[in-house]
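Engineer: So the chains spell out like this:
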Amino acid sequence: MRKLVLYSIIIVSGLVFIGRLFYLQVYNTSFAALSEGNAVKIIYDYPQRGYIFDRNDNLLVENQPSYDVMVIPRDLKPFDTLEFCKILKIEKEVLLKKLRKARNYSPRLPSVIVPQLTKDEYAYLQEKTRKYEGFYIQKRSLRSYKTKNAANVLGYIQEVNDRIIEKKPYYISGDLIGMQGVEGQYEEELRGIKGVKYLQKDRFNREIGPFKDGKYDTLPVRGKDITLTIDAKLQAYGEKLMTNKRGGIVAIEPKTGEILALVTAPNYAPDLLVGRKRSKNFTKLYYDSIANPLYDRGLMGEYPPGSPFKTITALIGLQENVIDTEEHISCRNGYYYGRNNRRLGCHSHRSPLSMVSGIAHSCNAYFATVYRRIIEKYPRPQLGIANWEKHVESFGLGNYLGYDLPVGKRGLIPDSTYYNRAYQYPKYKWYATGTISNAIGQGEVLATPIQLANMTAAIANKGFYYRPHIIKKINNQPIQDTLYTKPNHTTIAPKHFEPVIDGMREVFTNGTASFLQVKDIPICGKTGTAENYVKIDGKRTQLTDHSIFIAFAPKENPKIALAVFVENGYWGARYAGRIASLMIEKYIHDDISRKDLEEWILSHSLEEEYAKPYSGEPFKINQ
Amino acid sequence: MARSIVGAIDWLTILIYFLLIIFGWINIYSASYGGDGGFVFNMDEPHTKQLLWIALSIILIVIILALEAKFYERFSSVIYVASLLSLLGLFVFGKTISGATSWYNLGFMGLQPSEFAKAATALAVAKFISDLQTNIKILNHQLKAFLIIALPALIIIPQPDPGSALVYVAFFFPLYREGLSVNYLIFGASAIVLFVTTLLIGPYWVVGVLFLSIITLLIINRNKKPNYSAYLITLLAIITFSFSVNYIFNNVFEQRHRDRFNIVLGKEVDSQGIGYNTNQSEIAIGSGGWLGKGWTQGTQTKGNFVPEQHTDYIFSTVGEEWGFLGSTLLIILFTTLFLRILHMAERSKSQFSRVYGYSVAGILFIHFVVNIGMVTGLLPTVGIPLPFFSYGGSGLWGFTILLFIFVKLDANRVNEW
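So the sequence lines, in the order shown, correspond to chains A and B. Following the numbering used here, the numbering of the first sequence begins with 1 at its first residue and continues without gaps. Following the numbering used here, the numbering of the second sequence begins with 624 at its first residue and continues without gaps.
Straight-line Cα separation of at most 20 Å, SDA-like style, residue types lysine to any residue; simulated pairs:
#, chain 1, residue 1, chain 2, residue 2
1, A, K197, B, Q920
2, A, K3, B, L808
3, A, K3, B, F795
4, A, K197, A, V221
5, A, K284, A, N244
6, A, K224, A, I474
7, A, K131, A, P110
8, A, K3, B, T959
9, A, K3, B, N758
Some but not every residue of chain B turned toward chain A, in silico, with C-beta under 10 Å:
#, residue
10, T922
11, F947
12, T951
13, I954
14, F957
15, Y981
16, V992
These are calculated hints, taken from the structure and not from any lab test. Ideal Cβ positions, reconstructed from N, Cα and C, are used throughout, including at glycine.
The whole structure should be built from the sequences, with the hints applied where relevant.
Structural biologist: Below is the structure:
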């Protein structure tokens, strides 16, 4: 009996130990990770980020070395803080605060104490750094900009935050990542692949050689260079023209869908977001909620398209065979409709007009008539709207275009569901006339500048467009993606484009933009003036009209199609039309013959207009 | 005579002994040298020294087996006294290594007499109990036995080497086998339970719980006439014990002892300071997984994260490099050895041999439990080696002598009458 007690003590102890081992080694897997963490040090070797070129191989973005002063708190020895602060030009309190923060983050892992020293600061500190144990200098690569423009296109680089690290395991604290623009969109191409070195450490955290003879080490892979479709000169010119204005210019090459210029105003210089001043500048830009310089109006601004949309109304009318090019429609200073004889106003012009002159003079009554016929071709307005919507959307309106930049808006092309809800159908019925503003690009219709530029390209191509894109070559290899090389056809037959294009040509020869003709360049265009409203203190207030212009040139074999939006610039030809015609001349002739026109645009500012709603005083519009 | 030895010797024990020593050496090699650059015969490296100690152990084994079995019984008292003197001599001639004066300096090595005192004490206990006049059920004889056991422990404690002193608890094995009242075991176990609960919840709660249990007992047994004096004595004893534990723990113990207990009891978490050893050793073992990282491939072992890894913490190397499979096999190997020794003790015809056998099993077992318990984080940190496995000449020889005297006694059973 006594024997058995001792036997069982031995056996039970053995079993307890085996159980404990099972728990430690098999059940609880956290120990393996802990082991890797404290015995193996990982050193990353960061590759050069790829360069960015414009379509003519002008270098836009390259790299510059930058030096961060890092600290590993537990390796710190007492040091002369005063001298150290003097070298780094920081306050003693700041240093102590940063050291405390670093220790809280981790005593064993490196933290940044002073980011992004200049070359001179680095050279000076490098001689002294041996005196300060625990500190070391980490070389990183920052962007260096050869251009002062296109910040919205290029995007920027920032240090990864916790959220990014969690979502994308490639990144570790302190890594840089491209945000916005092509830096964000083509991050994986540009960044390359960082190299990894595993080092065996001992318990004093000293490196004692490569881990497993470097079996798992990898070499860094350099980032790929990318070539953009942007024409740097045109981009710069566009930004210059938009100084002191708000809005956007989008220029597209119709036969490829390549974006030649993507201007948003106001913009900022890309090098503001590099180096030690980055966070201060970013905060300033980010919190400017009125001018909104970080907001890409070319891609994100949803505006009523205004009169340029009449070209679409005309095309659908021809395709649906509810109008021909000969029929004249009379205009009595507007279009009258409905039981109460409501009026859609028009400006004074000769009457009646056929299609070509209707476009040239932008007659509201003409297009209201055509639109109503398009909708009323069907027994119920729901069906009419659905058919209309199908045609409009085939031009890339009302939905994301799918271009290769990270931001965008859908715009709005209302469908029957939209009006059913708005008019509380079936409780109340609604008719074509209830949506009549769509005819002239007002009312519910909204589009972004890039959508309008794309629509213009589709008209220039007589019925198809290539998806707009910003990438031209990766590592000097032209992109082959069918996403960008397959044409998207509209629902309108090519023959119907002729009269519309003739109308757009007459806008310049004999219409609303006749004073904007350029010698030797037959431009086709369409002016637009869009009413717009904002809420001021909860009250819907009308502001000065947006100035809108779409154009392509030359008429035969078009090289450029663009859309220009100038917020509160009043009528279409006033600002947008001038800018569009200058842009076209710049791109095709690379020279401006009409210096007075250029001078007018450069010297006119809309800042006063933009200040009006915030002045708190009553103000007048459309002056 | 040589022929009879070969036939009667317990080859299973010998096999396990050599398996442990060889496997131990393999791990010492990995823990101390790291395995990059091939084998280097350098007398400064622990693994080469250990090789020498192993060779010397084999000479020791031959001598032990060659001696007459009766020699050990006859000279047990002399050996015991000599051993006590060697321990006392430390106070005069001892050499201090990391705070403990436990070594004689022999120039090329340090000799630790406490490692040999275990075998000497085992012989003395066996001799005393196997005396025809001794009856372990008599209190007077019990006290004498306790004195034999406690003397070396009391000399070892102030060296200070409380770990080595703790080993003498092992003699509960033979005493219990020979008829010591089980009450000692119950008493000891309750003391430990009370000790731990006092540390965990404080003496006031212990006393509170105690009152509640006594009231419950009184209600349950309300039909019987209660033995009030028994209740009262138990109550007073427990209260005194609990409060004195509290007092001793907080006022007599040094902070490092308190820390060790608090970490095992989970009252404190400190992975960098005092808990570092245990934490690192758990990480090393835990990172081994099912099959381990392979010999000399342990990242923790190579980085020397576990302190004293080739001595007291050698088991963490086994855990990391040989995984659950290897370390479980090692546990089974040890357990088999203990059970085998008990079996050999039981088949012996002389009481001396049996008591000695139980002492050997007890001593090896307590080393095993305390060491593995410490390395796997189940018990407080007490620095004692894993028998046959940890690096160290004195330790290896001490255990070899301890075990092989018993192998010799067992082989001699055929000559007993």
